[in-house]
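Can you join these two chains into the complex? Each is in its own frame, and there are hints to help.
Listed in order, the protein sequences are those of chains D and G. The letter at position 70 of the first sequence is residue 69 when you use numbering that gives the first Met the number 0, and the numbering goes up by one with no holes. The letter at position 54 of the second sequence is residue 53 when you use numbering that gives the first Met the number 0, and the numbering goes up by one with no holes.
No wet-lab data here; the hints were simulated from the structure. Heads up, some of the hints might be wrong.
Claimed, not checked - In the BS3-like style, the derived pairs of lysine-lysine whose C-alpha atoms are separated by at most 25 Å in a straight line are:
1) K86/D to K46/G
2) K170/D to K135/G
3) K192/D to K141/D
4) K109/G to K95/D
5) K84/G to K4/G
6) K96/D to K143/G
7) K109/G to K141/D
8) K170/D to K84/G
9) K5/G to K91/G
10) K91/G to K88/D
11) K46/G to K95/D
12) K143/G to K170/D
13) K115/D to K46/G
14) K135/G to K141/D
15) K88/D to K109/G
16) K115/D to K84/G
17) K192/D to K115/D
18) K84/G to K95/D
19) K109/G to K170/D
20) K84/G to K141/D
21) K141/D to K195/D
22) K88/D to K70/D
23) K46/G to K141/D
24) K88/D to K84/G
25) K84/G to K96/D
26) K115/D to K135/G
27) K95/D to K135/G
28) K141/D to K143/G
29) K109/G to K135/G
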Amino acid sequence: MKNLKVITGILAMTFLTLIAMSCKDAKKEQNNDEGHKTEMNHDNSDGHHDSDKKEMAMTSNQDGNAEMILKDYFNLKDALVADDETKAKEFGAVLKKSLENLDVSKYTEEQQTELKEIVEDAIEHAEHISESPMAHQREHFKVLSKDVTDMVAITGTANTLYEQFCPMYDKGSAWLSKNEEVRNPYYGSEMLKCGKVQKEIN
Amino acid sequence: MKIVKKIILVLLVAFVGIQFIPTEHNQSAIVPVTDFMLVNKVPNNIKSKLQVSCYDCHSNNTNYPWYNKMQPVAWFLEDHIKEGKAELNFSKWDSLSDRRKASKLSSIIKQIESDEMPLSSYTLIHKEARFSEEEKEEILNWVKQLKDSITN
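Bound conformation, chain G alone (with noise of 0.2 Å):
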């Protein structure tokens, strides 16, 4: 029993302490001007589901709950979106040449294609961040299109 206590206690503590390490975070009060939705024509509906299923790794602003505000979650998540904003960030998307536009939306029709986009560990908690098939096929309509006017 005391050998429990003592575990137990240990690790609290370092639960505790660890609550102290600082993160960043993905947060901004401002859309810029080059953000995806701002310079293209987006559709309500699109629009939505982009936001909710893409923006939170792949822009400046993440919409933490709760449990993410904590260690060592926090961690975990900022190591993802620092990755994902490196793949590609909607909030700086204006700022990408033709060719790389048409480059990311080439990887973004092959990513949503295969099921590999968005991660299977994102939606296991974002129950909403899930395309049904019909919402998979709108989205990939719509962003084959938009590769198709920048390339023409």
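So that you can see chain D by itself, here it is in the shape it has in the complex (with noise of 0.2 Å):
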């Protein structure tokens, strides 16, 4: 009796060891999962569009890549303006998809490769902001900044854009911005309006 105890003790902590560590990996699994369908499901919307209006939808496509990360970049800029952590983190991770979706094969090889290591850099920052506290993805949207600044060198953008300055942040840092009037991503509502427009691009 006594052993048949021990015996199914032993057995439940071996069988609770086992599933702890299957559960470590099943829960990668479903990471990985869920990457792939939201990227799957990407592809499929990119897809219909193609089968709309293929020739029209093919350059237009290309061109609304460089513009949809604009667009992801400057809704993240308003929730950091807004001191929104949750809806930074959720644009960080939409703008990483949409970095990785950034179609380089029109341009010459020379931007191709500065292009490529642009959007390598700034994934990276996306992702970092896509998980970190506030005062992190700030720090992160700085270097991100000046990726999509660099970024926007080589691509245009259809839009009048403001590059925006405040030396307060780090030493100077600066974004991008669709307004004339500054709205400080970096301080929020602490500062709201430090800053000045550096730059207008376009």
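The structure is reproduced here in structure tokens:
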């Protein structure tokens, strides 16, 4: 009887350990699956687009890629202006996806290399933003802003953008905005209007 | 008394049991040509500090103390090292573009400045990995210099 109990105990422990281990793996797989799924969805929607208007969609899609990145970047910026950590996380993740989808094939070889480097760096920052508290989000937003600015220098954009600059945050930090009016993403409500327009793009 | 004995026995068996579950060892005999120390001129004092305080989790070569070869400590460590290397791997430094190097250096500066790195859970055991205020400044100055040399 005694032995039986001991053996049951040991078995239970082993069982638990194994479960704990397999849980860890399962979690990872699930994450991967999710990643796949969203990517798949994205592909689907793109595919759908293409079949609607083949050639038109092709060109507008390619241009749309950089514009899409900008759109997501501005959403992220606005979330930081509004001190909204949760939204910033969401848009960080969205931006990461649109960065991954940038099609560089229509650019020169030199531009492609640079764009790839820019995107690779930007993806990392977008990813960090999607999983960090606000203070960190803002740190990464600074470098991300430089990446996006350098990207626009190559891809161009249909809209007029304003490069704005706050001399106080981290020895001076820039960002892009669609509006001339300054709304500071590095300080949010703490110092909403700190900064100036440094440059007009387009 | 009997119950206590049983519990101890079970725990002991479980402890011995988990020792047989393999973990990945982060150790490599060669220093790749992309290693941070090989591609940058790192002064000796900074070099040894980086090696002691950063390389255990941010390179392909971890200096394991004996207790870190044991479960469940090894699991905990394995995860940490994986995460650390994904974030920054000094062994592969030179495979990064200049843009990403500058980016990584910015993050290094931020992490050290705010005392987030080295991790407090790490320095708790590895007392030698802690930065004194002077060491911190020394390292920060040097890293900032390196960053400027890359961005300019």
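Tested hints:
{"no.": "1", "hint": "K86/D to K46/G", "in the structure": "violated (41 Å)"}
{"no.": "2", "hint": "K170/D to K135/G", "in the structure": "holds (19 Å)"}
{"no.": "3", "hint": "K192/D to K141/D", "in the structure": "holds (17 Å)"}
{"no.": "4", "hint": "K109/G to K95/D", "in the structure": "holds (22 Å)"}
{"no.": "5", "hint": "K84/G to K4/G", "in the structure": "violated (43 Å)"}
{"no.": "6", "hint": "K96/D to K143/G", "in the structure": "violated (31 Å)"}
{"no.": "7", "hint": "K109/G to K141/D", "in the structure": "holds (12 Å)"}
{"no.": "8", "hint": "K170/D to K84/G", "in the structure": "violated (29 Å)"}
{"no.": "9", "hint": "K5/G to K91/G", "in the structure": "violated (50 Å)"}
{"no.": "10", "hint": "K91/G to K88/D", "in the structure": "violated (29 Å)"}
{"no.": "11", "hint": "K46/G to K95/D", "in the structure": "violated (35 Å)"}
{"no.": "12", "hint": "K143/G to K170/D", "in the structure": "holds (13 Å)"}
{"no.": "13", "hint": "K115/D to K46/G", "in the structure": "violated (32 Å)"}
{"no.": "14", "hint": "K135/G to K141/D", "in the structure": "holds (23 Å)"}
{"no.": "15", "hint": "K88/D to K109/G", "in the structure": "holds (20 Å)"}
{"no.": "16", "hint": "K115/D to K84/G", "in the structure": "holds (22 Å)"}
{"no.": "17", "hint": "K192/D to K115/D", "in the structure": "violated (34 Å)"}
{"no.": "18", "hint": "K84/G to K95/D", "in the structure": "holds (21 Å)"}
{"no.": "19", "hint": "K109/G to K170/D", "in the structure": "holds (13 Å)"}
{"no.": "20", "hint": "K84/G to K141/D", "in the structure": "holds (23 Å)"}
{"no.": "21", "hint": "K141/D to K195/D", "in the structure": "holds (16 Å)"}
{"no.": "22", "hint": "K88/D to K70/D", "in the structure": "holds (15 Å)"}
{"no.": "23", "hint": "K46/G to K141/D", "in the structure": "violated (29 Å)"}
{"no.": "24", "hint": "K88/D to K84/G", "in the structure": "holds (23 Å)"}
{"no.": "25", "hint": "K84/G to K96/D", "in the structure": "holds (23 Å)"}
{"no.": "26", "hint": "K115/D to K135/G", "in the structure": "violated (34 Å)"}
{"no.": "27", "hint": "K95/D to K135/G", "in the structure": "violated (33 Å)"}
{"no.": "28", "hint": "K141/D to K143/G", "in the structure": "holds (16 Å)"}
{"no.": "29", "hint": "K109/G to K135/G", "in the structure": "holds (12 Å)"}
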